[in-house]
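Enquirer: Taken in sequence, the protein lines are chains E and W.
The numbering of the first sequence is our numbering, which starts it at 1 and goes up by one.
The numbering of the second sequence is our numbering, which starts it at 196 and goes up by one.
Hints are computed from structural coordinates only; laboratory data are not their basis.
Keep in mind that the hints are not guaranteed to be accurate.
Cβ-Cβ distance ranges computed for the label pairs, FRET-style [stated by the list, open to error]:
| no. | chain 1 | residue 1 | chain 2 | residue 2 | range |
| --- | --- | --- | --- | --- | --- |
| 1 | W | Lys201 | E | Lys34 | 40 to 50 Å |
| 2 | W | Val353 | E | Val137 | 55 to 65 Å |
| 3 | E | Gln53 | W | Ala221 | 18 to 28 Å |
| 4 | W | Ala356 | E | Ala92 | 20 to 30 Å |
| 5 | E | Ala175 | W | Gln258 | 43 to 53 Å |
| 6 | W | Asp231 | E | Ser135 | 34 to 44 Å |
| 7 | E | Asp88 | W | Asp231 | 25 to 35 Å |
| 8 | E | Ile128 | W | Val353 | 40 to 50 Å |
| 9 | W | Ala356 | E | Ala2 | 27 to 37 Å |
| 10 | E | Glu165 | W | Glu361 | 18 to 28 Å |
Glycine included, every Cβ here is placed at the ideal spot set by N, Cα and C.
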Amino acid sequence: MALTETKIDFLKDLSLDENTNIHALEVMSEGETKYLRDLRVNVKNVLSSTNLQPKEAYLLALAIAVNEKNDLLIKSFYAKAKELGAADAELAETFACASQLAANNIFYRFRHFTKETNPAYQTMPAGIKMNVMMSPVLGKEFFELMSLAVSAVNGCESCVNSHEESVRKLGSSDARIFDSIRLASVIRGLALIVR
Amino acid sequence: MLGLGKKFPEFKKKAVVSIEHGKEFAEVSSADHQKDGKWMVMFWYPKDFTFVCPTEIAEFNNQNGEFRDRDAVLYGASTDSEFVHLAWRNDHKDLKGLKFPLIADTSKSLGEALGILTDDDEKVAYRVTYIVDPQGIIRWVCANDLSVGRNVPEVLRVLDALQTDELCPCNWEKGKETIHV
């Protein structure tokens with residue numbers, strides 16, 4: 001028996017119509033891989049962390065979906081975040097954060113790579129405007145948390161380290177940071193499947 | 196009360212699995228979940244046709260998919276007979292569509308083996324929930340006094356915690372044995 005029930009419940013979890021045909025989901029359901037059940041449970045669990053407000057969890061998920069260019073998930077998380085009370089300005093800033101950090105992650109990772117080979121880059125002005133970071137409507141702590149999550153997905157070591165330190169200084173607990181990264185990790189995995 | 200690390204007693208009991216005529220009853224045993232490599236979650240309650248029980252059972256039913264996706268077989272159990280279970284399912288709107296079996300421990304042998312029956316003349320089961328692993332070992336037991344309902348998300352939380360093994364080699368430490376699954 002295919003994992004049809006799991007697949008249908010999974011689509012419902014993501015507020016997608018149960019007749020939506022997603023190739024990877026169909027393949028995993030027909031092939032009965034245990035992973036499909038784990039994926040469903042993992043997604044549910046990370047989105048209901050006690051260290052994040054529900055709205056925060058979905059905004060983080062939205063940022064990762066934007067980073068992963070996943071239109072289905074962007075639509076789903078956008079709608080859910082809105083339902084949970086996210087204001088237009090907050091939603092806009094989530095897209096902005098994902099995009100800004102995608103740029104910064106490339107730039108600052110390069111600077112990090114070349115630290116020993118050509119120190120000149122360390123002091124040359126970046127020339128990249130990032131005013132969205134000045135007074136974020138999401139609040140400094142949550143904006144940093146989102147930046148950290150995106151940076152973790154994009155794999156920029158210096159970005160991860162500086163945002164991690166920064167968000168802790170702004171009052172984030174280790175548990176809250178940890179859960180945000182668990183969320184980013186799982187949503188990244190999800191983004192490869194639900195598209 | 197039988198506790199952690201002990202083997203769950205072997206049992207073979209009648210259960211109600213459906214309200215469809217001719218398909219109401221089946222036999223369930225301790226071997227069933229083990230042969231499928233699944234966990235078992237068995238929640239006991241004192242009596243059919245009382246008040247706290249239906250809300251709990253309905254909540255377990257709502258979360259049936261969550262247990263399914265955690266490879267856990269779900270059973271409700273009381274000392275009522277299978278006919279009382281059937282009558283109750285037919286009588287209560289929240290129980291008509293129950294997706295898991297209700298075990299009838301009519302002889303009370305299982306309740307006694309577990310040590311979860313009340314001390315008085317009635318000898319009904321306390322509200323005890325067991326999580327048993329695929330090898331038949333008790334990994335969690337939670338007991339409430341008669342009037343206190345259970346929290347189903349908590350059962351799921353514990354099940355997740357028991358099941359989440361970090362199998363990735365990144366957790367390997369130098370000198371430790373490699374992963375054997």
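Enquirer: Give a verdict on every hint.
Expert: Taking the hints in turn, this is what the structure says about them:
| no. | hint | in the structure |
| --- | --- | --- |
| 1 | Lys201(W) x Lys34(E): 40 to 50 Å | violated (28 Å) |
| 2 | Val353(W) x Val137(E): 55 to 65 Å | violated (38 Å) |
| 3 | Gln53(E) x Ala221(W): 18 to 28 Å | violated (45 Å) |
| 4 | Ala356(W) x Ala92(E): 20 to 30 Å | violated (38 Å) |
| 5 | Ala175(E) x Gln258(W): 43 to 53 Å | violated (25 Å) |
| 6 | Asp231(W) x Ser135(E): 34 to 44 Å | violated (56 Å) |
| 7 | Asp88(E) x Asp231(W): 25 to 35 Å | violated (50 Å) |
| 8 | Ile128(E) x Val353(W): 40 to 50 Å | holds (48 Å) |
| 9 | Ala356(W) x Ala2(E): 27 to 37 Å | holds (29 Å) |
| 10 | Glu165(E) x Glu361(W): 18 to 28 Å | holds (26 Å) |
Checked against the numbered hints above, the structure violates hints 1, 2, 3, 4, 5, 6, 7; every other hint is satisfied.
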